[in-house]
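Chemist: Sequence:
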Amino acid sequence: MLLFPIIVSIFSLIFAYFLIREVKKAPSGSGKMIEIAQGIREGAVSYLKRQYKAVAQVAVVLFFVLFLALGIKAALGFLIGAIASAASGFIGMMISTQANVKVAEAAKKGLASTLNLAFRGGSVTGFLVAGLGLLSVAGFYF
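My numbering puts the sequence shown at residues 28 to 169.
Since the hints were derived computationally from the structure, they do not count as laboratory data. Just so you know, not all the hints are guaranteed correct.
[Said to hold, decoys possible] With a Cα cut of at most 20 Å, we get these calculated SDA-like pairs of lysine to any residue:
no.: 1; residue 1: K52; residue 2: A134
no.: 2; residue 1: K51; residue 2: A71
no.: 3; residue 1: K52; residue 2: N127
no.: 4; residue 1: K136; residue 2: I118
no.: 5; residue 1: K136; residue 2: P54
no.: 6; residue 1: K51; residue 2: T124
no.: 7; residue 1: K51; residue 2: G116
no.: 8; residue 1: K52; residue 2: N143
no.: 9; residue 1: K135; residue 2: A71
no.: 10; residue 1: K51; residue 2: V72
no.: 11; residue 1: K51; residue 2: A165
no.: 12; residue 1: K135; residue 2: G116
no.: 13; residue 1: K136; residue 2: S57
no.: 14; residue 1: K51; residue 2: I118
no.: 15; residue 1: K135; residue 2: G56
no.: 16; residue 1: K136; residue 2: F146
no.: 17; residue 1: K136; residue 2: G58
no.: 18; residue 1: K52; residue 2: A145
[To be verified] Pair by pair, the computed Cβ-Cβ distance ranges are:
no.: 19; residue 1: G153; residue 2: K80; range: 21 to 27 Å
no.: 20; residue 1: K136; residue 2: G70; range: 38 to 44 Å
no.: 21; residue 1: F45; residue 2: A71; range: 34 to 40 Å
no.: 22; residue 1: S55; residue 2: F94; range: 44 to 50 Å
no.: 23; residue 1: M120; residue 2: V87; range: 20 to 26 Å
no.: 24; residue 1: I110; residue 2: F146; range: 23 to 29 Å
no.: 25; residue 1: S55; residue 2: V92; range: 41 to 47 Å
no.: 26; residue 1: I63; residue 2: I99; range: 46 to 52 Å
No residue lacks a Cβ here, since even glycine has one placed at the ideal position from N, Cα and C.
Whenever a hint applies, use it, and build me the whole structure from the sequences.
Modeler: Shown next as structure tokens:
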């Protein structure tokens, strides 16, 4: 019975992969647009590094507290969830910052292509969170 959630989560991750490919294939626009987008991406990466450093320190403490209070299984479950959350957040941020400039370029062609690309870029994070979360929980109990 636990095989079904694992299969669903794998499909979610595969779908996220195809969404990422679609976003990456879209044109990025002019040199100035790309330059601004790179600045936004650098700021986002800097923010995530700082945030993840602080969260990692808290996570290490919580891991040991959970280990002492509830045992290794609960502590490992927390650690797996934290890693899956960090991975989906990082990948989602990278795709979102890539999608920004591509959506701006798509806006030159019309509303339909703009919204289509924006929804694809934004939904990557959702599919990653759902897929990695479900895979982590189901895999943990498999």
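Chemist: If a hint holds in the structure, say so; if it doesn't, say that too.
Modeler: Hint check results:
1. With a C-alpha separation of about 16 Å, the suggested pairing of K52 with A134 holds against the 20 Å cut-off.
2. Straight-line distance between C-alpha atoms of K51 and A71 comes to about 18 Å, which keeps the hinted pair within the 20 Å bound.
3. Our distance criterion of 20 Å between C-alpha atoms is met by K52 and N127, whose separation comes to about 13 Å.
4. Taking the CA atoms of K136 and I118, the gap is near 27 Å; set against the 20 Å cutoff, the hint is violated.
5. At roughly 11 Å between alpha-carbon atoms, K136 and P54 fall within 20 Å of each other, so this suggested pair holds.
6. Pair hint K51 plus T124 holds up; C-alpha atoms about 11 Å apart against a cutoff of 20 Å.
7. As the CA atoms of K51 and G116 are separated by approximately 18 Å, the hinted pair is consistent with the 20 Å bound.
8. A C-alpha spacing of about 13 Å is found between K52 and N143, which places the hinted pair at or below 20 Å, so the restraint holds.
9. Restraint check for K135 and A71: the C-alpha separation of about 25 Å exceeds 20 Å, so the hint is violated.
10. Under the criterion of a C-alpha separation no larger than 20 Å, the hint pairing K51 with V72 is consistent with the structure, at around 18 Å.
11. This hinted pair does not check out: K51 and A165 have alpha carbons roughly 30 Å apart, beyond 20 Å.
12. For the hint linking K135 to G116, the alpha-carbon distance of about 29 Å lies beyond 20 Å, and the restraint is violated.
13. Simply put, K136 and S57 have alpha-carbon atoms about 14 Å apart, close enough for the 20 Å limit, and the pair holds.
14. Under the criterion of a C-alpha separation no larger than 20 Å, the hint pairing K51 with I118 is consistent with the structure, at around 13 Å.
15. Of the pairs offered as hints, the one joining K135 and G56 holds, with about 10 Å between alpha carbons and a cut-off of 20 Å not exceeded.
16. Between the alpha carbons of K136 and F146 the distance comes to roughly 16 Å, so the proposed pair stays at or under 20 Å and holds.
17. Distance hint between K136 and G58 is fulfilled; the C-alpha atoms sit about 18 Å from each other, no more than 20 Å.
18. Simply put, K52 and A145 have alpha-carbon atoms about 13 Å apart, close enough for the 20 Å limit, and the pair holds.
19. The given range of 21 to 27 Å is respected by G153 and K80, whose C-beta atoms sit roughly 25 Å from each other.
20. Between K136 and G70 the C-beta distance comes to about 27 Å, which lies outside the given range of 38 to 44 Å.
21. The hint said 34 to 40 Å for the Cβ distance between F45 and A71, and at roughly 23 Å that hint is violated.
22. The hinted range of 44 to 50 Å is satisfied by S55 and F94, whose Cβ atoms lie roughly 46 Å apart.
23. Between M120 and V87 the beta carbon distance is about 22 Å. The supplied range of 20 to 26 Å therefore holds.
24. Taking the beta carbon of each, I110 and F146 are about 27 Å apart, inside 23 to 29 Å as hinted.
25. Take S55 and V92: their Cβ atoms lie about 45 Å apart, and the range 41 to 47 Å holds.
26. Restraint check, I63 to I99: a C-beta distance of roughly 47 Å satisfies the suggested window 46 to 52 Å.
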